[in-house]
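Please construct the entire structure, taking both the sequences and the accompanying hints into account.
Protein chains in written order, with the working numbering: chain G, 10 to 151; chain E, 10 to 151; chain C, 10 to 151.
Careful, some of the hints might be misleading.
One copy or any two copies: either way a pair holds, since identical chains are not told apart in the list.
To be verified - Here are the simulated EDC-like pairs of lysine to aspartate or glutamate, each with C-alpha atoms no more than 16 Å apart in a straight line:
1. K85 with D67
2. K85 with E73
3. K85 with E148
4. K85 with D15
5. K85 with E31
6. K85 with D134
7. K85 with E38
8. K85 with D95
If you're looking for bench data, these hints aren't it; they were derived computationally from the structure.
Here's the letter readout for the chains.
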Amino acid sequence: MWHTTDLTLRPYPRGFHLITREVVAALPELASVRVGLLHVFIRHTSASLTLSENASPDVRRDFERYFNQAVPDGWKGYEHTLEGDDDMPAHIKAALLGNSLTLPVRGGRPRLGTWQGVYLCEHRDRGGARTLTLTLQGEQGA
Amino acid sequence: MWHTTDLTLRPYPRGFHLITREVVAALPELASVRVGLLHVFIRHTSASLTLSENASPDVRRDFERYFNQAVPDGWKGYEHTLEGDDDMPAHIKAALLGNSLTLPVRGGRPRLGTWQGVYLCEHRDRGGARTLTLTLQGEQGA
Amino acid sequence: MWHTTDLTLRPYPRGFHLITREVVAALPELASVRVGLLHVFIRHTSASLTLSENASPDVRRDFERYFNQAVPDGWKGYEHTLEGDDDMPAHIKAALLGNSLTLPVRGGRPRLGTWQGVYLCEHRDRGGARTLTLTLQGEQGA
Numbered sequence: 010m011w012h013t014t015d016l017t018l019r020p021y022p023r024g025f026h027l028i029t030r031e032v033v034a035a036l037p038e039l040a041s042v043r044v045g046l047l048h049v050f051i052r053h054t055s056a057s058l059t060l061s062e063n064a065s066p067d068v069r070r071d072f073e074r075y076f077n078q079a080v081p082d083g084w085k086g087y088e089h090t091l092e093g094d095d096d097m098p099a100h101i102k103a104a105l106l107g108n109s110l111t112l113p114v115r116g117g118r119p120r121l122g123t124w125q126g127v128y129l130c131e132h133r134d135r136g137g138a139r140t141l142t143l144t145l146q147g148e149q150g151a
Numbered sequence: 010m011w012h013t014t015d016l017t018l019r020p021y022p023r024g025f026h027l028i029t030r031e032v033v034a035a036l037p038e039l040a041s042v043r044v045g046l047l048h049v050f051i052r053h054t055s056a057s058l059t060l061s062e063n064a065s066p067d068v069r070r071d072f073e074r075y076f077n078q079a080v081p082d083g084w085k086g087y088e089h090t091l092e093g094d095d096d097m098p099a100h101i102k103a104a105l106l107g108n109s110l111t112l113p114v115r116g117g118r119p120r121l122g123t124w125q126g127v128y129l130c131e132h133r134d135r136g137g138a139r140t141l142t143l144t145l146q147g148e149q150g151a
Numbered sequence: 010m011w012h013t014t015d016l017t018l019r020p021y022p023r024g025f026h027l028i029t030r031e032v033v034a035a036l037p038e039l040a041s042v043r044v045g046l047l048h049v050f051i052r053h054t055s056a057s058l059t060l061s062e063n064a065s066p067d068v069r070r071d072f073e074r075y076f077n078q079a080v081p082d083g084w085k086g087y088e089h090t091l092e093g094d095d096d097m098p099a100h101i102k103a104a105l106l107g108n109s110l111t112l113p114v115r116g117g118r119p120r121l122g123t124w125q126g127v128y129l130c131e132h133r134d135r136g137g138a139r140t141l142t143l144t145l146q147g148e149q150g151a
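Right, dumping it as structure tokens:
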């Protein structure tokens, strides 16, 4: 079986945000998948997706601080500055973290580790609402 | 349906290059896919693939400059220097950016965001011709 | 065909380790796949997976040295320090390198480049035994 849908998230502020629940809630079809894969794709070049620790909000703040120093806004090496100081670093952070996740699905749900959650990484000051394309495939059965 | 082919690109100079058109042109089979996934894999360890902004060439030059300062040629921490100053940094950049992309396919084409393009990231001074393994799967239909 | 299994690796010390053989050995089902994809997923947030050079052990030591200076233990910017100096950098390194790999399969084996091997990247001092979820799909045939 194949199923695809788009999911537009509410606008998130710059930073790292847990969105596992929103993704799973958008796919009631997950329940019927015995074994498969879920592909989560972000249709943007200045926001990204990763998996990381799903418990402590300070981990997500540390991610934001780390990436801001590793890929600083307004670095003098950038030529592409017309769209703002946060634009070029957003493209680079997005490339470092990645534009998609592929998650194993078993027994009707994503088979994540206990501590793994899906992060939306918003790299712009005002990124607006981001859209994900979700693609679910697999074998159906109890 | 499953379809697979290898695509050998022309040699590109060190830097970041848009190759969306080459990839799509190598897969006329895309047209028949109603919903599916396209996996693009690079069979090398010193060049990589990412998705980013497809309009301004200065974005791609900024990528090259950023990664050259983040992962400098000839860093004194490297032991593996026999193959040249650009070899070990090429492996690290490739691991940071990634060796494959999975793109959603809908209605006969990759469902990319408006600003997304496929980048070949060539990290060697003389990388030569790089080969991609393309794997297309999905459900056929209008 | 779909096949899924979990593979628990022996504990590895902090650093980068070649595990291609362990992964392939866990999947005798590979032999029957004419064309397909193998998804390798790590169920943890402080260890990661990448593909890189499979020959020289010094490359893997250089990876460890590079990532230790790029994402230093005990950086003063971290808030999340309760679980040790190596915890927060482990989450960040894991996000940079990635939690999964998708490998093309053709003619009964992963179609890797000559120099490509699967790396387990262990970012904790005492990470323990890590578990991978392997998902194989494809078309069967000689």
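### Query
Which numbered hints are broken by the structure, listed smallest first?
3, 4, 5, 6, 7
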